[in-house]
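So the protein lines, in turn, are chains A and B. Following this note's numbering, the numbering of the first sequence begins with 1 at its first residue and continues without gaps. Following this note's numbering, the numbering of the second sequence begins with 1001 at its first residue and continues without gaps.
The hints are simulated quantities; they were obtained by calculation from the structure and are not laboratory data. Computed from a predicted structure; not experimentally measured. Even glycine gets a Cβ: it sits at the ideal position worked out from N, Cα and C. Treat the hints loosely; a few may be bogus.
[Unchecked claim] To list a few chain B residues with every Cβ distance to chain A over 12 Å, as calculated: (1) LEU1142; (2) VAL1145; (3) PHE1295.
[Stated by the list, open to error] Non-contacting residues of chain A with respect to chain B, defined by C-beta distances greater than 12 Å in every case (computed): (4) PHE11; (5) GLY133; (6) ILE164.
[Said to hold, decoys possible] Restraint ranges, calculated between C-beta atoms of paired labels, are given here: (7) ALA1131(B) to ARG91(A): 39 to 49 Å; (8) ILE1138(B) to LEU162(A): 49 to 59 Å; (9) ASN1004(B) to GLY170(A): 47 to 57 Å; (10) PRO1271(B) to GLY54(A): 43 to 53 Å; (11) GLY1136(B) to VAL131(A): 38 to 48 Å; (12) GLY32(A) to LEU1021(B): 55 to 65 Å; (13) PHE120(A) to GLU1137(B): 20 to 30 Å; (14) LEU1021(B) to ASP221(A): 32 to 42 Å; (15) HIS1079(B) to GLU95(A): 47 to 57 Å; (16) LEU162(A) to GLN1274(B): 42 to 52 Å.
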Amino acid sequence: MTFLQILIDGFAISSLYALGAIGFTLIFGVSGVLNLSHGAIMVTAAVAAWAVAGNFDVGPYWGAAAGVLASVVMSFATYLLVVRPIQTSRRIAREEKEIFVLTATLLWGIMVQEAIAYFFTSNPKTVRPLVAGVINILGVRTPKQEIVTAVISLAVIGLLWLLINRTRTGKTLLAASINPRGLTLLGFELSTIYLYVWGLYGVMAGIAGVLLGSFLGVSSDNIGQLTASAFSIVVLGGLGSVGGSLVGALVVGYLETITAYLISPSIRTIPVLLLLVLVVYLRPQGLLGRR
Amino acid sequence: MSGNTKTFGLALIVVVALACLPFGVSGYVLGLLTLAYYFGVFAMSWDLLFGFAGEVNFGPSFLIGVGAYTAGLLNHYPHWPIWACVVTGAVASVIAGLMLAVPALRLRGPYFGLVTLVAVLLLQNLIVLYAGITGGEIGLDLPDVLSIDEANNYWIALCFMSVSGACLFGLSRSAVGLILQASGQDAVQAAALGFNVTKHKLAAFCVSALFSGLAGAMLIFYEGTASPGTVVDIAVGVQVIIAAVLGGRRTILGAALGAIFLIVAGEILRPLGQLSTFVVSAVALLVILFFPGGFLGLLSRSGRG
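Pulled out of the complex, with its shape left as it was, chain B reads as follows (with noise of 0.2 Å):
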């Protein structure tokens, strides 16, 4: 427990430590880890699923497009109140996570991971055929955003990771957290002991849908638009996926520190152009191949050496 317990002060001067940064650093910057700081929530909420579960969601971006889509249509037409957007969205997406435990349930590795990534190419499908209502390949533009001030953008999201890492975090540390990681290495082992195999595999899926349809939810209500290039395609469930494997599956806090890396080194390659993606995805497979438990495995380890 001591070790939880040392993780939890370590995180909280880090957050700390980040909140501090508006201060110091310009729009440009903290514009780009608002954007970092809701994929960390993308990646740490898939980890859930995959890590502990034992999940393959090719599709992560289907609970978070579902979020975010249900949130911005309700924003652009009724014109709702943002936080009523954002619940309803987070909810939404939690059903569209119930869409994809029925199947999960049924069936293994590949076949579930097929599901999802068809899951994801519908709902792109079917937002780009319905363009008169959704706005397509171009976008969902929303009357009304968070906050126009960068500042505050970066607070908000600062405060939803941290606290979405915290309950993510404590959720994976407590006992449920150990029968889920028991059901997913052996899911018959784990019923043979009296666990309820379905149940807390049904909650994860609620859980990491919760928290994946909220940060895509509120991901819009930053940009002020809502587009497929940027909450469903099946690219953006790509860099989820790398962000939380490059951190170290199976620790959740590893999968927000991978995807701030992804998206830092995005921008910093971006001189190179098209190239960039080459060097994040080269430097991605180095990490598998050399150093297969992530950012957070090699810090744990050089820390007991």
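Bound-form chain A, shown alone (with noise of 0.2 Å):
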């Protein structure tokens, strides 16, 4: 009984995570920026959600759409106001350019956060659900939302790999990640292809945030949070390597659902903060990624 609750309830959390960071690490993979707001993202499509729906009585979709067309907005307002600017600039040494990248996103991240704070209150939101009910899968009650939540993540990565792997513009993104220098003598505008990875990152975040504000509820508190543990996913994973980041949250998804479950609450992400200190340290490239 408790095994097939931890079963679904570890799936669930696991394909939404999976999601989550997939976007974190396809950003990283093409333009090699590691997004310290990401957080904010997903919480700000959580959050539009949620005000939406609740205060124009459209119903869950199009608060859904509305949540999922801010975080392309943030993703957007990230990548020019805040990257862009470093990546171009000339007074900052081409080595320093990531660290610069990571504290100006952080700092981004921030000022989202205390601005949704600041208007929206950091209470927790509960995004209402676009399927309500529950159904019993052999005894478990188990809500339907938690269902739509796995099935839609996973259509969601399905969909990117389709994309990635089948399409010419997917080709070209693939190709950037690899050796951006040859893309651009073969012709392609870099600046472009990192537009549109992006767009494409803040459609998955915004997807991620409204599915997590409905199935686990969403404060801004759960910001920097949110970040660290896409941050933990990717690199358990394999920075930059899509297949590894699936299974990164799969791992730390049954991970805290079993320590939860079978410990306590108290200590869930525990045993997943010792097991990336292990690996960072026996096996830094991650566990699917390459040198």
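Mind docking these for me? Both chains are given alone in their own frames, and the hints should help you get the complex.
Written as structure tokens, this is what we have:
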């Protein structure tokens, strides 16, 4: 009974984590940016969905759409206002750009967090689920929303896989992650590719944020934790590896759920942290990463 | 060399001027500056590790927290005298620094950054989990304090910051500092030139941890309590990083300047309530985007031009 419960809950959590983390790893893989405002973008989506659905009486679907839209806007804002000025700045030495991007996106995330707390308070918000009700799976009462969450997350990940491996644009993205210089020599505009990737990232983070908001609820206080968990999953699986993020998300999701059910919810994140340290020491490239 | 002598002379004048403050300003301002000075030491220690050794340490509060909690627990339970607690705290912090140095020598940039972040989270979880011993989120009260007089506390902090600043600045301008800078920028080339990169990086970790631990331990004896919110939380580490970047990286003294600015600005903006953090972060972001050299970078540029 508990076993089945862990299996179902862990699966829903894992697929949600995977969706969030894959967006994060996509940006890193293609443009080399570790976006520390990731959690802020996810929470923006959830809060926008909550606010629109709650204030305008348009139903959960339009609310979710508004959330994803807000996330895309935030994603472009992050790229155009924060990341690109640093990447193109001539006053910052090349080898220092990475740390400047990290610090700047961190600050940007804090600004978004404070703005959300100011306008919408930091109270936890639960987005209205797309599908209400519960069903019974072999004796375990499961909210339908939990199944919807897992299905949508996996479907979006599947679409991304198709996009990257089966379309011309996707292959350009893949090429940009392997050899950006070579790509520019072939006549592709790198800045267009980056814009495209940030848009894609905005959609994924937005969907993940809205689903998270309806599944567990979000508060602006969760932003740091969300960024940290995406970062952990991605490093666990291997930076820049989409398949690795999937595995990382499964490991983190199940480890957290098992700890919460069998030991105590208060130490839910500790085994993950220890595992992370272990993996980073023994296999710095991550579980599926390349050197 | 004359540039360094000039900097020392200028710093001396500023310190003497600051030392006269208790005769003119209120205890409230003194208390604020006392806190800012300890933060200054945090930021300067971080700058040595990051600006010079090139190690992205996201968890300065791991080193600070280990020093602070070691000292705090020794004072709370066996009632050791303050000086013994502070010294032991600093030693514990150096050991913690060596623990961080081992992965740092094997891992690059973001990976090492994540390990330091995890170190902070683990320390914080440990403190909360053993709340019966450590006081948990509420904090650990200490039977002893440095001084109950505001002016004395202020002078102790100022003196501590000046001495630490002089040590760290001197170190950064010495041959060791140059080798550190070289190994931070290109470890392979530095090693090819015959410098022992490992030894120098280990030394940087030890020195940075020593001053972080000392400052953390002294800070809690100034406040009379140790809590995760003041010495361990990631937010504390973020503030230290912002301070160092804001003041100007690779300058050591700029870090102290940034820390004082950050603490004072946070206090001045307090009437804005929740928005004060927003404004401080926005200012820091603008400085990073438009003046990547920080405050000191701005000063030295206008001085030259």
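Consistency of the hints with the structure:
no., hint, verdict
1, LEU1142, "holds, 26 Å"
2, VAL1145, "holds, 32 Å"
3, PHE1295, "holds, 15 Å"
4, PHE11, "holds, 25 Å"
5, GLY133, "holds, 37 Å"
6, ILE164, "holds, 22 Å"
7, ALA1131(B) to ARG91(A): 39 to 49 Å, "holds, 47 Å"
8, ILE1138(B) to LEU162(A): 49 to 59 Å, "holds, 52 Å"
9, ASN1004(B) to GLY170(A): 47 to 57 Å, "holds, 55 Å"
10, PRO1271(B) to GLY54(A): 43 to 53 Å, "violated, 31 Å"
11, GLY1136(B) to VAL131(A): 38 to 48 Å, "holds, 40 Å"
12, GLY32(A) to LEU1021(B): 55 to 65 Å, "violated, 47 Å"
13, PHE120(A) to GLU1137(B): 20 to 30 Å, "holds, 25 Å"
14, LEU1021(B) to ASP221(A): 32 to 42 Å, "holds, 37 Å"
15, HIS1079(B) to GLU95(A): 47 to 57 Å, "holds, 50 Å"
16, LEU162(A) to GLN1274(B): 42 to 52 Å, "holds, 44 Å"
When the structure is compared with the earlier hints, violations turn up for hints 10 and 12 and for no others.
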